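Participant: Please build the complete structure, drawing on both the sequences and the hints.
Residue numbers (my numbering), protein chains in the order written: chain A, 1 to 457; chain B, 1 to 629.
What the hints contain is simulated information worked out from the structure, not anything from laboratory work.
Only a predicted model underlies this, so the values are computations on that prediction, with no experimental measurement involved.
It cannot be assumed that every hint is accurate.
Just so you have them, the derived chain B footprint on chain A, three or more residues with Cβ under 8 Å [to be verified]:
no.: 1; stretch: 177–184
no.: 2; stretch: 409–417
no.: 3; stretch: 427–435
Positions of the beta carbon are idealized from the N, C-alpha and C atoms, including for glycine.
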Amino acid sequence: MMENSTIAAIATPPGQGGIAVVRLSGPDSYRVAEQVFRPADSRKRVADAKGYTALYGQFADGEELFDDGVALFYRAPRSYTGEDVVELSCHGGSAVARRLVEACLAAGAVPAGPGEYTRRAMLNGKMSLTQAEAVMDLISAGGRQGAALANAAKEGALARKIAAQQEVLTALQAHLTAWVDFPEEDVPALETDALRQSLEQVKAGLEELIQNYDAAAVLREGIDCAIVGRPNAGKSTLLNLLAGFDRAIVTPIAGTTRDVVEQAVQLGEIRLNLFDTAGLRETDDPVEAEGVRRSWAKLAEAGLVLAVFDGSSPLAKEDLDLAKRCAGCRAIALVNKEDLPVQFDTGAIAPYFAMVIPVCCKEEGAKKVIAEAVARLLGTARIDPHAASLSGQRQLSAALRARDGVQGALDAVDTGFGLDAVSVCVDDALEALYELTGENASEAVIDQVFETFCVGK
Amino acid sequence: MNHLGDYDVIVIGAGHAGIEAAHAAAMLGAKTAVFTMSLDAVGNMPCNPSIGGTAKGTLVREVDAMGGLMGLAADATALQSRMLNRGKGPAVHALRVQTDRKKYNAWMKHALELTPGLAIHQAEVVEIQVEDGHVKGVITQLHGEYGARCVVIATGTNLGGKIFVGDAWYASGPDGMHASNALTDSLRAAGLPLRRFKTGTPARVHRRSIDFDKLERQPGDPEETLQPFSFLTTAPVKNLVDCYIAYTNPTTHKIILDNIQRSPLYGGMIEGVGPRYCPSIEDKVVRFAGKDRHPIFVEPCGENTEEMYLQGASSSLPEDVQNAFYHSIVGFEHLEIIRPAYAIEYDCVDPTSLEPTLESRHVRGLYGAGQFNGTSGYEEAAAQGLLAGINAARNALGKEQLVLPRQTSYLGTLVDDLVTKGVMDPYRMMTSRSEYRLTLRQDNADTRLTPIGREYGLVSDERWARYQHTSQVLEAERARLHATHVKTAPLQEAMTAAGLTPAQQGGLADELLRRPEISYSLLAGVIGWGEGVTPMLAERIETEIKYAGYIARQDRMIRDMARREKTLIPDGFVYDGLTGLTLEAREKLNKIRPRSLGQAGRIPGVSPSDLAQLSIALAAAQKKEASHD
Chain A
1 MMENSTIAAI
11 ATPPGQGGIA
21 VVRLSGPDSY
31 RVAEQVFRPA
41 DSRKRVADAK
51 GYTALYGQFA
61 DGEELFDDGV
71 ALFYRAPRSY
81 TGEDVVELSC
91 HGGSAVARRL
101 VEACLAAGAV
111 PAGPGEYTRR
121 AMLNGKMSLT
131 QAEAVMDLIS
141 AGGRQGAALA
151 NAAKEGALAR
161 KIAAQQEVLT
171 ALQAHLTAWV
181 DFPEEDVPAL
191 ETDALRQSLE
201 QVKAGLEELI
211 QNYDAAAVLR
221 EGIDCAIVGR
231 PNAGKSTLLN
241 LLAGFDRAIV
251 TPIAGTTRDV
261 VEQAVQLGEI
271 RLNLFDTAGL
281 RETDDPVEAE
291 GVRRSWAKLA
301 EAGLVLAVFD
311 GSSPLAKEDL
321 DLAKRCAGCR
331 AIALVNKEDL
341 PVQFDTGAIA
351 PYFAMVIPVC
361 CKEEGAKKVI
371 AEAVARLLGT
381 ARIDPHAASL
391 SGQRQLSAAL
401 RARDGVQGAL
411 DAVDTGFGLD
421 AVSVCVDDAL
431 EALYELTGEN
441 ASEAVIDQVF
451 ETFCVGK
Chain B
1 MNHLGDYDVI
11 VIGAGHAGIE
21 AAHAAAMLGA
31 KTAVFTMSLD
41 AVGNMPCNPS
51 IGGTAKGTLV
61 REVDAMGGLM
71 GLAADATALQ
81 SRMLNRGKGP
91 AVHALRVQTD
101 RKKYNAWMKH
111 ALELTPGLAI
121 HQAEVVEIQV
131 EDGHVKGVIT
141 QLHGEYGARC
151 VVIATGTNLG
161 GKIFVGDAWY
171 ASGPDGMHAS
181 NALTDSLRAA
191 GLPLRRFKTG
201 TPARVHRRSI
211 DFDKLERQPG
221 DPEETLQPFS
231 FLTTAPVKNL
241 VDCYIAYTNP
251 TTHKIILDNI
261 QRSPLYGGMI
271 EGVGPRYCPS
281 IEDKVVRFAG
291 KDRHPIFVEP
301 CGENTEEMYL
311 QGASSSLPED
321 VQNAFYHSIV
331 GFEHLEIIRP
341 AYAIEYDCVD
351 PTSLEPTLES
361 RHVRGLYGAG
371 QFNGTSGYEE
381 AAAQGLLAGI
391 NAARNALGKE
401 QLVLPRQTSY
411 LGTLVDDLVT
421 KGVMDPYRMM
431 TSRSEYRLTL
441 RQDNADTRLT
451 PIGREYGLVS
461 DERWARYQHT
471 SQVLEAERAR
481 LHATHVKTAP
491 LQEAMTAAGL
501 TPAQQGGLAD
511 ELLRRPEISY
521 SLLAGVIGWG
531 EGVTPMLAER
541 IETEIKYAGY
551 IARQDRMIRD
561 MARREKTLIP
571 DGFVYDGLTG
581 LTLEAREKLN
591 KIRPRSLGQA
601 GRIPGVSPSD
611 LAQLSIALAA
621 AQKKEASHD
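Facilitator: What follows is the structure, encoded as structure tokens:
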């Protein structure tokens with residue numbers, strides 16, 4: 001299905017960079033390019049450019065030439081989207097690229113919607129749905145590992161992992177089917193223990209995928225992180241350490257920071273969306289009390305909590321209250337002011353945290369120590385970027401549905417329901433898994449029945 | 001050519017499919033004629049002398065619920081009855097009876113004779129007449145010409161039939177019926193895509209030659225538990241005979257393997273594709289070399305015959321090899337073969353050329369049913385015959401066609417599988433083929449289908465009254481269980497008496513019934529049996545309540561699917577413009593011509609990404625249409 005519009009958008013990620021690429025796709029790509037790009041060699045014409053060739057030249061907005069760069073040409077269907085495509089590489093900096101896009105729009109292109117290139121590629125049969133989803137993730141992947149994960153999905157590690165679960169479940173269902181549909185043949189009865197073992201095995205495989213997805217999602221999407229602590233424990237110093245410049249106001253007067261301050265920082269391979277929070281203490285000041293309330297709320301919803309304690313003063317009641325609130329969160333205790341004599345009772349708060357780490361937030365080296373602790377806690381450190389990984393919501397929801405089905409089957413076994421109930425749950429799980437690979441679960445099961453069991457009159 | 005009459009519907013064949021088709025068409029008010037090559041072979045059972053079994057038993061109940069004949073005939077001629085799969089869960093309970101095949105034939109022949117508006121002709125149809133892509137009538141071998149608005153083909157293994165025993169072969173239908181060859185040419189000339197399938201059957205042997213003392217006896221279920229197939233049958237079912245089990249052994253297998261080249265299946269003489277679920281004994285021995293024995297079920301063919309059927313030992317080996325391997329089996333040392341085992345090859349149609357109404361897309365007004373459509377089994381045939389008969393009659397009478405969605409019935413599932421997925425080998429119904437098997441149970445076929453049968457005019461007043469009564473009893477009992485509080489003390493007492501760990505406390509009856517260990521009869525001991533609740537209905541209520549959670553799981557799937565089923569694909573939708581579809585998907589969609597997005601999704605080779613694009617294209621087409629309005 002060819003789309004009749006020609007779309008234009010900046011194809012490179014936002015932010016500073018050496019070059020930026022504006023991509024045109026659609027039947028009028030060459031006509032639009034002709035208006036915004038003047039080849040340096042005046043004998044060359046954009047309209048005559050062959051696929052997979054490049055021209056050097058200048059970019060024009062109306063009559064005004066504003067930058068120079070390269071145009072790369074693709075002819076349908078041999079392009080990413082399967083349509084005529086022209087990629088215009090201009091100098092980096094969003095102002096130049098944005099001006100180029102505006103010039104393209106003025107020349108008749110329309111702005112591309114989110115994922116529009118990939119959608120067109122899929123519609124034109126250039127990629128499958130699974131591939132398209134992996135590409136969408138590839139595009140949005142931030143760090144190095146994020147990109148490797150997206151690639152692994154494309155290369156089929158996921159397909160292999162899913163196939164392994166399919167295989168166990170298909171064999172199980174084939175056995176159930178043979179046993180049910182051919183009651184008079186000597187198909188061995190399915191032992192409850194063996195049944196439970198197969199189901200547990202698949203459940204574990206699926207859960208690994210789901211947990212990896214969560215960890216991989218942290219790599220792709222970053223994680224919300226609350227910074228909490230008693231006033232003047234060093235929260236803002238920590239924020240500044242992580243952010244690399246003075247983001248929050250740091251003063252020695254307790255209760256300076258009143259707002260939840262938002263800041264995205266890259267900590268190793270993980271993007272933390274930081275929330276510095278107003279100091280947590282009893283107060284009569286209504287403005288500060290509101291800040292305190294928000295701090296607690298933030299704590300409950302954050303994906304990661306960094307709790308800062310002042311190591312140079314004795315354990316206060318507020319410290320212990322805070323520690324107790326952290327129980328059940330993914331929380332790391334940072335015992336600050338390591339450089340000063342230790343007064344703090346670390347043992348009292350340790351039970352409420354996954355990790356307790358002595359640091360000095362004023363020192364640059366603390367950042368690496370914190371980064372390692374965070375990676376360890378979130379499980380991103382142990383992600384093998386080449387291992388199977390679910391990419392995108394569709395795959396995750398299929399995996400969740402499959403796990404749900406397997407769990408339902410286990411429950412049916414445990415509560416003494418008939419194997420018909422078990423097999424219906426297994427069906428559900430199989431459907432979800434086969435949907436991911438686009439095959440038909442019921443045919444696969446039936447094929448297996450006749451391959452494995454000698455049944456029939 | 002002698003023009004001898006005109007009919008709304010002509011049915012070719014009076015096997016299990018043809019019987020239901022002819023009966024249904026006539027009952028719907030169409031002027032109907034059924035043609036059979038021999039009235040002595042109406043409802044013949046050339047294979048097992050039994051009706052029902054897993055999934056098949058549910059099909060029989062469905063045919064019965066809609067007003068068909070098979071259930072009544074099976075009840076009337078039953079020799080032994082068993083409910084298979086008891087203990088494996090109510091969704092897979094399967095009723096099967098051994099039948100007296102001669103009595104069955106007589107019962108069915110009489111039932112057709114008693115059907116008002118149905119003409120019966122013993123004649124071979126040798127040609128179908130087609131004009132402008134629409135069927136016009138048939139011609140018999142006696143040069144008789146009959147006009148017809150619609151024709152149902154239910155030719156079984158007679159169409160192009162060819163029997164093989166060792167290196168001998170001859171054109172024939174089963175049990176000495178002659179093969180119908182001319183009709184094949186006529187159907188091919190009309191453009192129907194025909195193919196060859198194969199099936200086989202074991203030897204029939206003399207009862208006196210079997211040493212029953214050496215075999216395992218297989219009696220029927222206890223008489224007090226026996227249920228009839230038909231929702232109409234009131235007479236009690238009785239066990240009149242026993243069946244027996246024998247086993248092959250390594251000597252048997254060696255004899256077969258030593259002579260395997262003499263089997264036409266392995267010698268390459270047979271081109272037809274055989275059913276996977278009905279392997280010949282040669283297949284079993286070759287493919288499952290690790291198994292040192294295979295069971296053989298010894299079943300009587302009737303009360304007034306000494307013929308016994310050897311289920312599980314079909315073969316196409318030469319007679320001398322058959323004698324040798326049968327004689328190697330314990331209990332069969334002196335076996336006298338009356339009819340040797342044989343393989344039979346026949347012509348059938350590629351069912352993907354049919355609509356979900358079972359009408360051919362190549363010749364309008366022409367319907368197929370049974371083995372002609374690529375299935376196997378009496379029950380599968382009867383179910384399709386019923387649907388084909390209904391639709392042929394309604395087509396002839398100018399009424400809308402009936403399509404049964406998958407989630408309504410095994411019948412709907414069967415037809416959808418046939419026309420959507422096609423078949424690689426003869427299709428047998430299995431419980432695993434239905435994703436809705438918890439709700440498509442044999443005990444509730446009436447609730448699922450009797451109202452449809454009534455609406456279409458197949459369900460008699462008597463059956464309708466029976467159904468309404470059942471519905472009322474069920475409804476009242478559900479309400480009573482939901483309103484009755486069971487006291488703790490008597491409940492604990494009853495549970496203790498039944499050898500169960502007593503529940504902590506009482507509660508609403510229907511909630512207690514949810515527990516796996518508490519049965520209806522246990523509860524009834526405390527609160528009394530419901531008014532009009534038979535043991536069968538009690539079991540049904542218990543299943544509904546116990547499985548409510550799992551049924552809800554299926555209902556969610558049914559709803560999801562119903563949404564996709566509702567996205568219709570317009571007639572003549574052009575797939576060639578959708579360059580995003582894989583080549584395979586485009587070819588398949590062009591061939592199957594699915595009616596809905598749901599059906600498209602079930603076609604093998606159509607992937608979720610194909611489906612996504614198709615759904616976008618359908619949405620776009622709809623938008624375009626809306627903007628033109």
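Participant: With reference to the structure, classify each hint as holding or not holding.
Facilitator: Structure-based check of all given hints:
| no. | hint | in the structure |
| --- | --- | --- |
| 1 | 177–184 | holds (count 7) |
| 2 | 409–417 | holds (count 4) |
| 3 | 427–435 | holds (count 4) |
Hint violations for this structure: none, all hints satisfied.
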